[in-house]
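Quick note, the sequences are listed as chains A and B, same order.
For the first sequence, the residue numbers in this note's numbering are 1 to 133.
For the second sequence, the residue numbers in this note's numbering are 134 to 434.
Calculated from the structure, these hints are not laboratory results.
Covered stretches of chain A (in silico footprint by chain B; criterion: 3 or more residues with CB under 8 Å from a CB of chain B, positions within the stretch not fixed):
(1) 71 to 85
(2) 111 to 119
These stretches of chain B come out as covered by chain A in the derived footprint (C-beta under 8 Å, 3 or more residues):
(3) 205 to 217
(4) 235 to 249
C-beta: ideal position from N, C-alpha, C; glycine also.
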Amino acid sequence: MSRSPRHGGAVRVARACGWLLALVTLACAPSEAKKKEAAQANVRAFFAALPAKDCAVLGPLLATGGSARPCEDTVRELHEHGMQLVDIMDAKVDGRNPDAVLVQAKLARDGAVREEPYVLRVEHQDGGWKLRL
Amino acid sequence: MRKILGAVAAVVLFACGSPSGTSSEPAAAQPEEGLTLAVEPGVTRGTFLTGAGTEVKLSSREVEPGVYRIEVRFNGMTLAGLVDPENGVSTLDGFAEANGQDTQMTDADREVAAALYAALNAELPAGDAATAEAKYLRRAVGMWAEHPDTVQMQRTVMGEQGRGYTMLCSYAKCNGSWTGNCGGSYNWYSYAKHDCQHGGWDYTRNQQIAQLGNHTTCSGDEYYMNGGSWVCGEPDHWIRPKVIGNCFGRCGGGCGGDTQYTLDATNHDGCVRNGHALASAYCDDQFVSAIDDELFASNCY
Numbered sequence: 001m002s003r004s005p006r007h008g009g010a011v012r013v014a015r016a017c018g019w020l021l022a023l024v025t026l027a028c029a030p031s032e033a034k035k036k037e038a039a040q041a042n043v044r045a046f047f048a049a050l051p052a053k054d055c056a057v058l059g060p061l062l063a064t065g066g067s068a069r070p071c072e073d074t075v076r077e078l079h080e081h082g083m084q085l086v087d088i089m090d091a092k093v094d095g096r097n098p099d100a101v102l103v104q105a106k107l108a109r110d111g112a113v114r115e116e117p118y119v120l121r122v123e124h125q126d127g128g129w130k131l132r133l
Numbered sequence: 134m135r136k137i138l139g140a141v142a143a144v145v146l147f148a149c150g151s152p153s154g155t156s157s158e159p160a161a162a163q164p165e166e167g168l169t170l171a172v173e174p175g176v177t178r179g180t181f182l183t184g185a186g187t188e189v190k191l192s193s194r195e196v197e198p199g200v201y202r203i204e205v206r207f208n209g210m211t212l213a214g215l216v217d218p219e220n221g222v223s224t225l226d227g228f229a230e231a232n233g234q235d236t237q238m239t240d241a242d243r244e245v246a247a248a249l250y251a252a253l254n255a256e257l258p259a260g261d262a263a264t265a266e267a268k269y270l271r272r273a274v275g276m277w278a279e280h281p282d283t284v285q286m287q288r289t290v291m292g293e294q295g296r297g298y299t300m301l302c303s304y305a306k307c308n309g310s311w312t313g314n315c316g317g318s319y320n321w322y323s324y325a326k327h328d329c330q331h332g333g334w335d336y337t338r339n340q341q342i343a344q345l346g347n348h349t350t351c352s353g354d355e356y357y358m359n360g361g362s363w364v365c366g367e368p369d370h371w372i373r374p375k376v377i378g379n380c381f382g383r384c385g386g387g388c389g390g391d392t393q394y395t396l397d398a399t400n401h402d403g404c405v406r407n408g409h410a411l412a413s414a415y416c417d418d419q420f421v422s423a424i425d426d427e428l429f430a431s432n433c434y
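The following block holds chain B by itself, in its conformation from the complex (with noise of 0.2 Å):
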C-alpha cells in the first residue's frame, strides 16, 4: 500500500511540478556569443547567444515550393510561422516549449529578439539578395521584436497588396536617391496617423509630416522640426511636427535588411515614435495592421 501511495505521489507531483526541473544530462558545450548561421540551398539555421547569455536556435526551411516553416526558439518559448507569400498567406504563432500552452511576449524576450533581429541584418545579405528561407526568417524576427505584450501570439495573417497593404516606396526617395542625405530637397509624406488616449487618427496631435526612407540617424534616433531648426529625439504629440530619420516608415524597428516602406509601417512608427512605447496597448492596432506589410510587402530596392 506504501508503494502505491508513493507511486501516487510521484505521479502526482511529476504531472502537476514545474517543468524547471534538473537535468542529469552533461552540460552541451556552450556555443560562442553571437550569431552563428548555416545557409544551405532550402534551409538556414543557426544559434544566437546575447551577451546576457541567452540561447537562441532558429531555423527556416522551404517545406514545399514557395512555403517556408520559419521556427525560433528561446527563453522557453518557440515562435513559429508558416509563411506562403505567392498566395499572401502565413499562420503565426508563439507557446511555451515545454509543454505547448500559450505565452505571451515579454520585454526580456522582444530583447532577445530585438538582438537576434540585428544580428540577421549585419549577418545576411540585404534585401532580395538573402535568400528567401534567410528573407523570410529575418523578416518574421523584426515582427516578433515588436510585437506587444497585448497582442495574441496565434493568427493568420493574409496580406494582399492594394487590399493588405499600400506601398509607400516613392516617399522614401529624396533628392532622387534611396539613401544619403537630401540636400533640403524634401519629398514629404503626410500623415503618419494612429489614435491613442489622446485623440482619433484625425487629432493633429496624433499627426506627423514624415521623410520616409534610410537618409539620416542620430545615435540610433530621428530628428524632428523645433522651431525651424532639426532637432535630434523623438517629438511627444506635437501638432504635425516634420520627422525624419532612422528608417521612418520601413517595416521592422530602425534600419532592416528589408526596404520595405509601407502605410502601416510609416503608422506604427509614427505611433511608437511619437511619446509611445513599442509594446505600448495604443499601438497595438497599428502593430496588427502592419504584420502582412513585413511579411508579403515587396522591397522598394
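Looking at chain A on its own, in the form it has when it is part of the complex (with noise of 0.2 Å):
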C-alpha cells in the first residue's frame, strides 16, 4: 500500500514539526539547566567558604548593587547566627528574570535547621553567577 502525496506532506510536516521541538528543546534547555547548576554550585561555594570569613574568596561570590550590604558586615552576621548550608532541595529560574535563580536550601541556625526552606536569590552578574544576601 502506498502513501497518497497528500499523506506524504502530512508525515513531511510532522516530521519537520518534531525536528522543530527537539532543536528548540536543545536551544533551550541546557540554557536553564546550566543556570540552575551553576546557581546550586554558588551557594555550596559560598557556604563552603563561609567559616574562613576570608571576604578576598567570599566577596566575589557575593552580589553587588541594589541592597546588597557590604561582604564583611554580611559575613560577620552569618556567622553570628551560625549559619550553615544543610541541603539544596530545588533551583528554579526566576519567571520574571532569567538572569536570577531562586534557589531553595535548608539551612540550619546555630545548628537548628530550619524546617521551612529559605529561597536565596542568584544572580548574573559579571559573568557570574552571585548570591544576593
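Using the hints, build the complex out of the two chains.
So, in C-alpha cells, the structure goes:
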C-alpha cells in the first residue's frame, strides 16, 4: 500500500515539526539547566568558604548593588547566627528575570535546621553567578 | 532550506527569548493615580496606580458559598489566594504572569503592595463592615506587603483558633478603651518575643513589654520607654523595653483596616520593630506563623 501524496506531505510536516521541537528543546533546556547548576554551585561554594570569613574569597561570590551590604557585614552577621548550608532542595529560574535563579536551600541556624527552606536569590552579574544576601 | 532554517531560528528565538518584547497593540488609556474600586455583591475588583506609575489589577470573588478567590497582578507577577475562612483553609501563590513560573517578592513588590494596602484601608469600611470579599482581599494584600524575599510564595495555610493562632484582644484595650490615650493606665503584655542572631526566644534583649492596640503614634512610628520617658522610634535589642503605639500586635503593617490582635502578629512586630528590617530573614519564622492569624483571626472590635 502506497502513501498518497497528501499523506506524504502531512508526514513531512509532522517530521519537520518534530525536528523543530527537538531543536527548541536542545536550544533551551541546557541553558536553563546550566543556570540552575551554576546557581547551586555558587551557593555551595559560598557556604563552604564561609567558615574562613575571608571576603577576598567570599566577596566575588556575592551580588553587589541594590540592597546588598558590604561583604564583611554580611559575613559577620551570618557568623553571629551560625548559618550553615544543610542541603539544596531545588532551583528554579525566576519567572520574571531569566538572569536570576531562586535556590531553595535548607539552612541551619546555630545548629538547628529550619523546617521551611530559605529562598536564596542568585543573580547573573559580571559574567558569573552571585548570591544576593 | 533557507526558509526552513529561518523558521527554525524564529521559533528558537521566540521560544527562548525574553517575554518583554514590544507589543503592536495600541496603548490602552491609563487609569488615574490611586485606587478605583467596584464593590458588588459577590465580587470586589479594581485597579490601583501608584505614584511611580505601577498599575495593579485586583479582584476578589466568592467562587463558592464562603470561599473567596483573590487575585492581585502587578510588576509582571500574579499573587493568588483561595481562602475558605469557615474551614480555616487557604492556598496562596505568587508566580510570573508571563510564564507561570516561580518568582520572589522583592523590595519593589512590597512597596507596591504596601501602597495598595494603605489605599484599601482608606477606601474600604473598617473591620467586618467591609464585604467578605473586600475584607479577605485587604487581609491578603496586607500579608503580601510584608512577605519576605526568603519565604516561598506557594503554601497552604491552615488556621484554627487556639491551635494555629491565639487572640490577644484583651491586651489591645487600655484604660477601658480600644482606642485613644491610655491616660497612664496601661495593660502590658509580656513578652513580644523573637529569635535572631543575638539569641533565642528567652534572651531578654529579644523581648519587649508591649501595650497592644491603637492608642498612639508618632509620625507613623511607635514609642519606647527610655529612662522614664517615652521616645519616638524603635528600640534595638534593649533589655525588655516597654513599647506602645502604631497598633503594636495588630495583623498587617501599622494600623490596617482590620483589628486582629494576636500572639504571632505581636511577636512579628516584636521582631521587625526591634532592630530588624521588615523583610529580615530573622523574622521569617514570625512572619510565616502570623499568616494564618492575618487571614483567619476575628476582628477584636
